[in-house]
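Protein sequence lines, in the order shown, are assigned to chains A and B.
For this note's numbering, count along the first sequence from 1 and bump the result up by 113.
For this note's numbering, count along the second sequence from 1 and bump the result up by 173.
Bear in mind the hints are in silico, worked out from the structure with no lab data behind them.
The beta carbon of each residue, even a glycine, is placed where N, CA and C say it ideally should be.
Accuracy of the hints is not assured; some may be wrong.
[Said to hold, decoys possible] One-sided and incomplete, this derived list gives chain B residues near chain A with beta-carbon spacing under 10 Å: (1) Ser-189; (2) Leu-199; (3) Val-217; (4) Arg-254; (5) Tyr-281; (6) Phe-356.
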Amino acid sequence: MVDRGRRTAREFFLLALFAAALLLISAHANAATLVRVSVKAPDHVRIWTAPPLTAAQQRPANFHFSEAAAPDAPMSVTAVTPQSDGSVLLTVDTTVRASERYRLVIDDPPLARDVAPSRLALLLAVFLSSALIQNFVFTRYLGLCIFFGVSKKTDTAVGMGVTFTAVMVFTAMFSWAVDSFVLRPLHLEFLQVLVFIGAVACVVQFLDTMLKKTHPVLHRGFGVYLMLITTNCIILAVPLLNAQAHATFGEALALALGSGLGFALALFLMSCARERLELARVPKAFTGLPIAFALAGLFALAFMGFSGLDFFR
Amino acid sequence: MSAHGTTPAVSGPPPSPWQLLVNGILTENPVFRLALSLCPAVAVTTTVLNGLILGVAVLAVQVLSSMTVAIFRGVIHPRVRIPVYTIIIAVWVSAIDMTLAAFAPAVYAQVGLYVKLIVAFAIIISRLEVFASRQPLVPSFFDGLGMGLGFLLALVTIGAFRELLGNGSVLGYHVLPSQPLLFFALPAGGFFSIALLMAFFNWLERARGGKPAASGGSHG
Numbered sequence: 114m115v116d117r118g119r120r121t122a123r124e125f126f127l128l129a130l131f132a133a134a135l136l137l138i139s140a141h142a143n144a145a146t147l148v149r150v151s152v153k154a155p156d157h158v159r160i161w162t163a164p165p166l167t168a169a170q171q172r173p174a175n176f177h178f179s180e181a182a183a184p185d186a187p188m189s190v191t192a193v194t195p196q197s198d199g200s201v202l203l204t205v206d207t208t209v210r211a212s213e214r215y216r217l218v219i220d221d222p223p224l225a226r227d228v229a230p231s232r233l234a235l236l237l238a239v240f241l242s243s244a245l246i247q248n249f250v251f252t253r254y255l256g257l258c259i260f261f262g263v264s265k266k267t268d269t270a271v272g273m274g275v276t277f278t279a280v281m282v283f284t285a286m287f288s289w290a291v292d293s294f295v296l297r298p299l300h301l302e303f304l305q306v307l308v309f310i311g312a313v314a315c316v317v318q319f320l321d322t323m324l325k326k327t328h329p330v331l332h333r334g335f336g337v338y339l340m341l342i343t344t345n346c347i348i349l350a351v352p353l354l355n356a357q358a359h360a361t362f363g364e365a366l367a368l369a370l371g372s373g374l375g376f377a378l379a380l381f382l383m384s385c386a387r388e389r390l391e392l393a394r395v396p397k398a399f400t401g402l403p404i405a406f407a408l409a410g411l412f413a414l415a416f417m418g419f420s421g422l423d424f425f426r
Numbered sequence: 174m175s176a177h178g179t180t181p182a183v184s185g186p187p188p189s190p191w192q193l194l195v196n197g198i199l200t201e202n203p204v205f206r207l208a209l210s211l212c213p214a215v216a217v218t219t220t221v222l223n224g225l226i227l228g229v230a231v232l233a234v235q236v237l238s239s240m241t242v243a244i245f246r247g248v249i250h251p252r253v254r255i256p257v258y259t260i261i262i263a264v265w266v267s268a269i270d271m272t273l274a275a276f277a278p279a280v281y282a283q284v285g286l287y288v289k290l291i292v293a294f295a296i297i298i299s300r301l302e303v304f305a306s307r308q309p310l311v312p313s314f315f316d317g318l319g320m321g322l323g324f325l326l327a328l329v330t331i332g333a334f335r336e337l338l339g340n341g342s343v344l345g346y347h348v349l350p351s352q353p354l355l356f357f358a359l360p361a362g363g364f365f366s367i368a369l370l371m372a373f374f375n376w377l378e379r380a381r382g383g384k385p386a387a388s389g390g391s392h393g
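Could you put the whole structure together from the sequences, leaning on the hints where they help?
Below is the structure:
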């Protein structure tokens with residue numbers, strides 16, 4: 114009994130020693146970790162490490178921060194400020210944005226990390242920028258003919274905006290699949306225009322048939338607009354822009370939804386203003402389209418205010 | 174022929190080449206009179222050169238697809254004519270797109286998207302429908318040439334107006350010592366330039382006793 118008890122104690126001691134050694138080794142290997150790196154526009158980077166950096170390690174020369182695409186051209190770090198929660202705040206001399214990819218290298222302790230924007234934030238940025246900053250009508254000047262054509266009454270404008278958004282989203286999904294699974298693998302990019310316009314026609318026809326069978330009431334409301342938009346530059350522009358940017362599925366969807374809603378917003382605003390315009394006394398030469406263009410110009414001026422918008426502060 | 178948005182189809186004996194050219198450039202100018210294909214008219218006309226390149230692209234696509242449709246007008250079944258026209262235009266647009274990308278890469282970087290979007294321009298398909306599908310090759314060629322030139326001239330006019338006021342230059346050469354109204358080079362300025370030029374053409378037509386231009390509504 115005693116013998117066995119002694120052996121058990123010895124085994125236990127050995128096991129404890131082994132565990133302690135393991136812990137020590139792992140503790141040494143994980144001497145320091147980068148817990149989190151966050152880019153604060155316009156010129157700050159906040160770094161959380163475990164354990165916190167010592168005062169000696171908080172020298173600007175200890176940090177190398179660069180764009181992921183150009184790791185050999187680091188930005189110069191002008192200041193390192195310790196924060197109350199143990200993190201440090203770097204100040205760099207170049208404008209940084211949370212939507213870009215960066216690379217952070219620390220000499221002591223030896224650490225490195227690629228800093229990528231969060232996926233959800235990126236999608237939100239694509240969505241909002243296509244709806245407001247790069248509004249199809251007021252900044253990219255697409256779909257102007259239909260914009261001036263159907264913005265005379267608010268009801269029509271809203272119906273058209275909803276239909277456009279729906280068709281855009283379906284077209285973007287369909288043409289994204291065709292582009293990334295057929296055209297690009299086979300190096301047939303020169304067929305993009307031809308294929309995308311076919312895709313738009315197919316989607317519109319499909320939606321028309323579907324709506325007619327499943328939601329006849331909705332079809333009676335929106336069917337008229339559906340057939341009007343088969344070959345429209347604004348619908349065709351979404352797949353082309355996505356293909357140009359080699360967008361992921363999520364980005365393609367966000368761009369389509371953002372552009373569609375942005376277009377609907379533009380139509381709605383314009384129709385409200387034009388209903389008022391009916392009552393105004395306009396110089397004879399300006400009646401009709403010219404005054405509508407001047408009105409759109411005023412809206413475009415207002416939308417320019419969105420151009421400084423930054424979602425990653 | 175009326176200057177309104179819905180132009181009656183041209184059948185019967187074809188007009189003379191000269192009439193067709195004048196019709197396209199003045200009487201039925203696509204931008205100022207018919208109010209068709211306005212998107213590129215605002216989008217690419219920040220400089221004369223951009224307007225010129227896109228105008229040339231549209232001219233080429235219009236002439237080539239008018240001729241193609243005129244040649245095959247006996248073969249195309251009326252029921253499927255719109256898809257067939259669209260495919261014919263898309264083929265020529267792809268060809269012109271690749272040509273421009275190869276020979277004018279600097280300008281193409283700025284107007285590339287709009288060159289691809291020529292496929293959706295209402296002016297081209299409406300000329301195919303109204304004219305080229307009913308007339309032989311030679312008149313179709315001149316009709317396409319007239320319409321294309323009218324579009325080209327409109328783009329160059331707007332481009333010159335905006336580049337001169339916004340940048341103080343014409344075709345990149347500085348002719349004014351300063352930039353008088355930078356506003357006109359901005360997106361919003363494009364809308365105002367079209368408004369002013371369109372009002373001017375309306376006033377001109379009114380002074381001559383003609384009808385005002387179309388009020389818009391044609392899509393594309």
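Against the structure, the hints come out as follows:
no.	hint	result
1	Ser-189	violated, 31 Å
2	Leu-199	violated, 18 Å
3	Val-217	holds, 9 Å
4	Arg-254	violated, 13 Å
5	Tyr-281	violated, 12 Å
6	Phe-356	holds, 9 Å
Violated hints, in rising order: 1, 2, 4, 5; the structure is consistent with all others.
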